[in-house]
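K.L.:
Anchor point for the sequence shown: position 71 equals 71 in the numbering used here, and the numbering is continuous, going up by one each time.
Because the hints were derived from the structure by calculation, they are not lab data.
Among the hints, a few may not be true.
Taking lysine to any residue pairs in the SDA-like style, the calculated list, with each CA pair at most 20 Å apart, reads [stated by the list, open to error]: (1) Lys28 with Tyr65; (2) Lys72 with Gln94; (3) Lys93 with Phe10; (4) Lys78 with Ser90; (5) Lys72 with Glu22; (6) Lys72 with Val87; (7) Lys28 with Glu95; (8) Lys36 with Glu49; (9) Lys52 with Ile9; (10) Lys28 with Met57; (11) Lys72 with Lys52; (12) Lys24 with Glu14; (13) Lys78 with Ile9; (14) Lys52 with Ile113; (15) Lys93 with Val53; (16) Lys33 with Asn110; (17) Lys11 with Tyr68; (18) Lys72 with Arg91; (19) Lys11 with Lys78; (20) Lys33 with Asp66; (21) Lys72 with Asn18; (22) Lys93 with Asn118; (23) Lys78 with Met57; (24) Lys72 with Met57; (25) Lys28 with Asn67; (26) Lys93 with Glu58; (27) Lys93 with Pro111; (28) Lys93 with Pro54; (29) Lys36 with Arg46; (30) Lys52 with Gly104; (31) Lys24 with Asn67; (32) Lys33 with Arg46; (33) Lys36 with Gly104; (34) Lys33 with Glu49; (35) Lys11 with Asp76; (36) Lys93 with Arg116; (37) Lys52 with Thr114; (38) Lys93 with Glu22; (39) Lys72 with Thr56.
On a predicted model such as this, the values are computed, not experimentally measured, just so you know.
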Amino acid sequence: MKKPHPTRIFKEPEELFNAWIEYKEHVKQESFKWIKVHFVGKDGERVEEPQKVPLTMEGFEIFCYDNYGTVKHYFDNKQGYYEVFGVICSRIKQEIRQDQITGGLLGFYNPSITQRLNGLKDQVENTIIEQPLFPDE
1 MKKPHPTRIF KEPEELFNAW IEYKEHVKQE SFKWIKVHFV GKDGERVEEP QKVPLTMEGF
61 EIFCYDNYGT VKHYFDNKQG YYEVFGVICS RIKQEIRQDQ ITGGLLGFYN PSITQRLNGL
121 KDQVENTIIE QPLFPDE
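Whenever a hint applies, use it, and build me the whole structure from the sequences.
P.N.:
Rendered as structure tokens:
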């Protein structure tokens, strides 16, 4: 017996994209909740600086779950049921990756974590050249 497809909470790709835009606005608003405090100058004047909150797939999924329902299946697209959403899902993933990489490069986010999240790594190639102990003369 074939499993029924889950009910689509978004009927059209544009609706998913609109949820993405709402999520990005939500993240901007969240930035004002994460405050870094600095003490500046000889008198130690307190300066509060809102932090840039990164875009994440997990954050988007939680935002959608709280406001619409589960969206993971749109991105997994098992059995091709959500094929029409592929372009939007790909765009969302690319924007998240771009935000994280750029934020890491500019120092807004921890570069090590950004590298790990996005599968980036520094690769060093070591070549061992054996030198004979007593070279032939």
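K.L.:
Straight-line Cα separation of Lys72 and Asn18 no greater than 20 Å?
P.N.:
Roughly 16 Å between the alpha carbons, so the hint for Lys72 and Asn18 holds.
K.L.:
Would the pair Lys52 and Thr114 pass a check requiring their Cα atoms to be no farther apart than 20 Å?
P.N.:
holds, 14 Å
K.L.:
Taking only the CA atoms, is the gap from Lys93 to Glu58 under or equal to 20 Å?
P.N.:
holds, 11 Å
K.L.:
Can you confirm whether the C-alpha distance between Lys28 and Tyr65 stays at or below 20 Å?
P.N.:
Between Lys28 and Tyr65 the Cα gap is close to 19 Å, so the pair holds against 20 Å.
K.L.:
Checking one constraint from the list: CA of Lys33 to CA of Arg46, max 20 Å. Satisfied?
P.N.:
Distance ~17 Å between Lys33 and Arg46 Cα, so the pair holds.
K.L.:
When you check the alpha-carbon spacing of Lys78 and Ser90, does it fall within 20 Å?
P.N.:
Status holds; Cα separation ~15 Å.
K.L.:
Holds or violated: Lys52 with Ile9, Cα cutoff 20 Å?
P.N.:
violated, 30 Å
K.L.:
For the pair we were handed, Lys72 and Thr56, check the Cα-Cα distance against 20 Å.
P.N.:
holds, 13 Å
K.L.:
Can the restraint linking Lys28 and Asn67 be considered satisfied, given a maximum Cα separation of 20 Å?
P.N.:
Satisfied, since the Cα-Cα distance of roughly 17 Å is no more than 20 Å.
K.L.:
For the pair supplied as a hint, Lys28 and Glu95, is the alpha-carbon distance within the 20 Å limit?
P.N.:
At roughly 15 Å apart (the allowed maximum being 20 Å), Glu95 and Lys28 satisfy the hint.
K.L.:
For Lys36 and Gly104, compute the direct alpha-carbon distance and say whether it is at most 20 Å.
P.N.:
holds, 17 Å
K.L.:
Holds or violated: Lys78 and Ile9, Cα atoms, limit 20 Å.
P.N.:
This hinted pair holds, its Cα atoms lying about 16 Å apart.
Checked against the numbered hints listed earlier, the structure breaks hints 9, 11; every other hint is satisfied.
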